[in-house]
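Going line by line, the protein sequences match chains G and C.
Using this note's numbering, the first residue of the first sequence is number 7, and each one after it goes up by one.
Using this note's numbering, the first residue of the second sequence is number 416, and each one after it goes up by one.
For the record, the hints were derived by calculation from the structure and aren't laboratory data.
These numbers come from a predicted model, not from an experiment.
Heads up, the beta-carbon is just placed ideally off N, CA and C, and yes, glycines get one too.
Each hint should be verified, as a subset may be incorrect.
[To be verified] Cβ pair distances, simulated, as ranges:
1) PHE19/G with THR432/C: 53 to 63 Å
2) LEU498/C with THR223/G: 47 to 57 Å
3) VAL491/C with GLY35/G: 56 to 66 Å
4) LEU523/C with LYS118/G: 46 to 56 Å
5) GLN128/G with VAL592/C: 26 to 36 Å
6) PHE344/G with VAL592/C: 53 to 63 Å
7) ALA109/G with LEU441/C: 47 to 57 Å
[As the list claims (entries may be wrong)] 25 Å max Cα-Cα, derived DSS-like pairs, lysine-lysine:
8) LYS593/C with LYS107/G
9) LYS593/C with LYS80/G
10) LYS593/C with LYS505/C
11) LYS593/C with LYS118/G
12) LYS134/G with LYS675/C
13) LYS336/G with LYS286/G
14) LYS675/C with LYS135/G
15) LYS134/G with LYS672/C
16) LYS53/G with LYS513/C
17) LYS297/G with LYS328/G
18) LYS299/G with LYS263/G
19) LYS513/C with LYS107/G
20) LYS113/G with LYS593/C
21) LYS53/G with LYS672/C
22) LYS110/G with LYS672/C
23) LYS256/G with LYS273/G
24) LYS505/C with LYS53/G
25) LYS593/C with LYS115/G
26) LYS134/G with LYS593/C
27) LYS135/G with LYS672/C
28) LYS188/G with LYS209/G
29) LYS513/C with LYS22/G
30) LYS297/G with LYS322/G
31) LYS135/G with LYS593/C
32) LYS336/G with LYS325/G
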Amino acid sequence: MSKLELKNISKRFDGKSVLKDVSLVVNEGEMISLLGPSGCGKTTTLKIIAGLVEPDSGDILLDGESILDVPVEKRGTVIVFQDYLLFPHMTVEENIGFGLKMAKVDKAKRVKRVREMIDLVQLTGHEKKYPGELSGGQKQRVAVARALAVEPRVLLLDEPFSNLDARLRESMREFVCDLQRKLGITTILVTHDREEALMTSNKVAVMLEGSIEQFGTPEQIYKKPASLDIANFFGEKNYIEGTIENGMFKCKIGKFKANHNISSKVKAMIRPEEVELFPKSADTGVLGKVKRKKFAGDRIYYTILVNDTEIRCITKSEKDFKIGETVAAKIDFGNVVFF
Amino acid sequence: MKRMKRRELIFKVITYTLIFLLLFPLVVLVVWSFTKNWPWPNIIPREFGLRGIKYVFGPSSKSLKILLFSLWLSSVVTIVTLLISIPAAKALGVYDFKGRRIFKMLVLAPVIVPSVAVSMGIHVTFIRLGLANTFLGVVLVHLIPCIPYGIRILTNVFEIIGESMEMQARVLGANPVKAFLYITLPLISPGLVSAGSLIFIVSFSQYFLTFLIGGGKIITFPMLMFPYIQSGDRMMASMYSVVFIVSSLIFLVIMEKTVKTYYKAENYFYI
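Isolated chain C, as found in the complex (with noise of 0.2 Å):
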């Protein structure tokens, strides 16, 4: 009885150790969106003020419009590597090819290799392509990031799920379309949400791609922040921050919502 106490006790000092520890940073970081004047041996701010709020909601701003736009194109990243991630992850952890073991490590290449090194190359492509500067461009330059995690996720789903679940649905009579959305999508679906998530953050965090092949033409919401951070403007860096870190948790509890309430998504990988 003293010993199971004893152990609930420290499971509890372990967790909230660790709550506390990942959310502290964020409490900081909504008290300085509101600090006008925060000295150094100060433990409280001296000076608040509204200026950060103001700026960022104020009928003159355009973070709202840049905000809207991020996430438009951080969805529509998120929705064409889904589409390219979901046959190729398929292949990789259902079917028996030669190369598959290489395949797999491949593709997890663009997470080894530094963007930056391969996007110079990409961007010379683009410039003569015409894709540079355009919505297009940034949505195809920020696939590279984005399909690893894509695939891997899924690659695990599949490997998980099999395929004989499908074939049971084609002998009963299902064609391969109907027995990919009656059965396998569904099957996949906590899969697709946690996979869709990491992609969506991937993408919407994107700094350097989108100005690089953006060319400033495609202005995304990490490019309203940095200046900010880096010129030290603690207050409105702050404010950004919390906005984007507000925006994208809110997509993310819409996005597993939706999935969950159109296929009653439970996780089916465990019974």
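So that you can see chain G by itself, here it is in the shape it has in the complex (with noise of 0.2 Å):
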């Protein structure tokens, strides 16, 4: 339970940068997320953090005091990986008492220990089973267990739920959720899922090609976000360029008022699920086509044409409109975002 900070890590692998100038401070007891595309870096930051890679230039701290004179097995900083790299050869017992074996804790207080462990992970029966018999939550839990046995100063999670499959991931991330505030371990949790992000972290660092684009609270990051690329990671939106003249934005699809004051180009994005359709005697918004429709149960996706512009919106299910349809789009502009 420690505050972690890093300072300027950079990192290069075969002459391509895979880390640029990474900084990021996560308060004790806090738990963030490092979210990204695959292949942006996450994982190596991670890494580095543990001891397993070194980086080329910047510093980490924890406590205070430098770590990167600290050896792996000293750090006090545990990644539970992807795979959970569960010691074959050894009962679930032995796995999750290994961290202390190696810690040189005296037998009975092992025992004891690792017992404690397997009631809070829920695994009472399965102590003597190896890892090949165990289902793919077991051997996540059994994974978590071994890491918290040792009572890291960090806990690292490299996409830790991705492997299992959709109902065990929710389940399996709530648990580890309550576990790490019940015990206020400090955590990164590496992933490349929007929500998971977004529903389980204090806070979020979305991560692009090497570097930390933005990093805040999951509300910041959805409702303002920095740059068109952390947009556009969170999923499909809707860009209207435009100008803003007097507090008006106008564009292809009409005038609007617009909540931002530079008089000058931009770009506005709209999230479809601020997009509001209606039946064109609604008389609200502006007029459009439905040009494509998808229905997915509790909600349905429309592509509506305005003005030769096309707008994606999210409605509930109850939305029934035809294809080539006229319908009023209201726009919330409240939300909507310039760059």
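The task is to assemble the complex, starting from two chains supplied on their own in separate frames and drawing on the hints.
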């Protein structure tokens, strides 16, 4: 349970820059997500924190002290890897107790602590099993228990849920988050799943091509993305180019009130869920034609053509329009972000 | 149903034919080792005799002593080869460095180039270094044909298990030595058994290299056998061959059993 600071970490592999000037502060007991597409350097960042990879430059501070010269086994930064990496020749008990054995904890204490961990992750009755006999979720819990058993100063989770199926993933996510909150362990979760990052963490760091583009609370990241790339990463959006004059946004599909003062050429980002559709007769918003329609159970994805501009929107499934029908699209400009 | 049965039958026929083809020569060998006289068109030997077994296991015979020495020599070679092969194979299998593929190919060179070609030069050097006609010299020269097998097999093993398990052990607080002892070694133990067996056999059946570097001072079991094969004394040659086969077989079984009980080793690669 410690405060972790990354200061201007850079790393190159074979002349290719993998991490560029990464800085990050994780406060004591916080859980933050490192979110980004695969290959953006998230896992490398974790490995650098754990000491498995050496950074070319920069510093890592744990409670204000540099840990760069501390060997891997003494850092107290434990990674839970994506594929769990349970030791196949050891039972569940031996796996969980491995770190304690390495720390030369005496046997009586070790046995007690292992039992506590097994209770904590609800694996009672599986103590003597080998990893090969466990299901995916159980393996995951053993991996988490094994990491927690050594009371790490920082817990690093490397896409820990991505190998589980959708339902199990949700319950494991809940489980691990509860555990993290209960134990108050400083945690970094690496993920490429936007929802996972937003749901689990105190703060999210969005990482693109080796640098942290934005670091903030989930709400900040979602509502005020710092750049187009980040906005894109959070799903499909509508972008409409136009100009702002006297507090009015002028574009192809009409004039709107804008909460943005700089008068220049801008791009407006409109989230699909901020466009509401009404029948033509409702007489609000702008008129458009339904071009495409995709039914997704609880929602319907529409693409509306307004003055040759495609606008994507998501509605509840009650709003049923036919393809080619003229509809009124009301855009909520209160939440629109201008770039 | 019928097709299943036919398939089973074909499968059985193939299996038993193969087993027969593999074992029949051995049976002939055993028969020969007790045969005094077996002239040509006879299917069964005309006369049996115990000269072979008496000679090999007789009180005045040195065969047993030489057999034990041979087993000892090959064990030393096996251990030394494995000690060299483990780090080399880990480097080739896990780490990425320039020239890795060339090294991987070069490691096999001693198998491709006949050892006669290099051993003459080695002999001269060994004489100069005082290694000729010594136990150490023979062990060293046996490494030449053995190391390729050791490194090659273990490289494949390391390629499969990778580095991640060791990394996991390290972040959990194991220093490099402990990570190797507790994690890597048990994981590669099935590979150690197969590499070790092959290395042992290659060393145990080495004739020419032992003869050249040992210079007649270091006498191994194959060297005892060879004169009888050459002179056509089939009874003695067969007897020695049988002893040769059985002793190496026993040795391999013991080796596998020891490793397995020590590490509870099973094949973890296919989980």
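For each hint, the structure was consulted:
Our hint of 53 to 63 Å for PHE19/G and THR432/C holds, since their Cβ atoms are close to 55 Å apart. Separation of LEU498/C from THR223/G is about 56 Å and conforms to the stated range, judged on CB atoms against 47 to 57 Å. Distance hint check for VAL491/C and GLY35/G: the Cβ-Cβ separation is about 57 Å, which falls inside the suggested range of 56 to 66 Å. For LEU523/C paired with LYS118/G, a C-beta distance near 53 Å keeps the hint of 46 to 56 Å intact.
Between GLN128/G and VAL592/C the beta carbons are some 35 Å apart, a value that agrees with the proposed interval 26 to 36 Å. At about 59 Å, the beta-carbon gap between PHE344/G and VAL592/C stays in the expected band of 53 to 63 Å. Separated by about 55 Å at the C-beta atoms, ALA109/G and LEU441/C satisfy the suggested range of 47 to 57 Å. This hinted pair checks out: LYS593/C and LYS107/G have alpha carbons roughly 11 Å apart, not beyond 25 Å.
With a CA separation close to 13 Å, the supplied pair LYS593/C and LYS80/G stays within the 25 Å bound. As the CA atoms of LYS593/C and LYS505/C are separated by approximately 16 Å, the hinted pair is consistent with the 25 Å bound. Of the pairs offered as hints, the one joining LYS593/C and LYS118/G holds, with about 23 Å between alpha carbons and a cut-off of 25 Å not exceeded. Pair hint LYS134/G plus LYS675/C holds up; C-alpha atoms about 19 Å apart against a cutoff of 25 Å.
Between LYS336/G and LYS286/G the CA atoms are separated by roughly 11 Å; this keeps the pair inside 25 Å, and the hint holds. The suggested pairing of LYS675/C with LYS135/G holds, with an alpha-carbon distance near 19 Å, which does not exceed 25 Å. For the hint pairing LYS134/G with LYS672/C, the CA-to-CA distance comes to about 24 Å; that is within 25 Å, so the pair holds. Between LYS53/G and LYS513/C the CA atoms are separated by roughly 23 Å; this keeps the pair inside 25 Å, and the hint holds.
The straight-line distance between the Cα atoms of LYS297/G and LYS328/G is roughly 9 Å, inside the 25 Å bound, and the hint therefore holds. Straight-line distance between C-alpha atoms of LYS299/G and LYS263/G comes to about 29 Å, which puts the hinted pair past the 25 Å bound. With a C-alpha separation of about 38 Å, the suggested pair LYS513/C and LYS107/G falls outside the 25 Å cut-off, and the hint is violated. Between LYS113/G and LYS593/C the CA atoms are separated by roughly 18 Å; this keeps the pair inside 25 Å, and the hint holds.
Distance check on the hinted pair: LYS53/G and LYS672/C sit about 39 Å apart at the alpha-carbon level, beyond 25 Å; violated. Of the supplied pair hints, the one linking LYS110/G and LYS672/C is violated, its CA atoms being roughly 31 Å apart against a limit of 25 Å. Note on LYS256/G and LYS273/G: the hinted pairing holds, with a Cα-Cα distance of about 11 Å set against a maximum of 25 Å. As the CA atoms of LYS505/C and LYS53/G are separated by approximately 20 Å, the hinted pair is consistent with the 25 Å bound.
For the given pair, LYS593/C sits about 21 Å from LYS115/G by alpha-carbon distance, which is consistent with the 25 Å threshold. For the hint pairing LYS134/G with LYS593/C, the CA-to-CA distance comes to about 23 Å; that is within 25 Å, so the pair holds. With a C-alpha separation of about 23 Å, the suggested pairing of LYS135/G with LYS672/C holds against the 25 Å cut-off. Straight-line distance between C-alpha atoms of LYS188/G and LYS209/G comes to about 18 Å, which keeps the hinted pair within the 25 Å bound.
A C-alpha spacing of about 16 Å is found between LYS513/C and LYS22/G, which places the hinted pair at or below 25 Å, so the restraint holds. Of the supplied pair hints, the one linking LYS297/G and LYS322/G holds, its CA atoms being roughly 17 Å apart against a limit of 25 Å. Between LYS135/G and LYS593/C the alpha-carbon distance is near 23 Å, which keeps this suggested pair within the 25 Å criterion. Taking the CA atoms of LYS336/G and LYS325/G, the gap is near 14 Å; set against the 25 Å cutoff, the hint holds.
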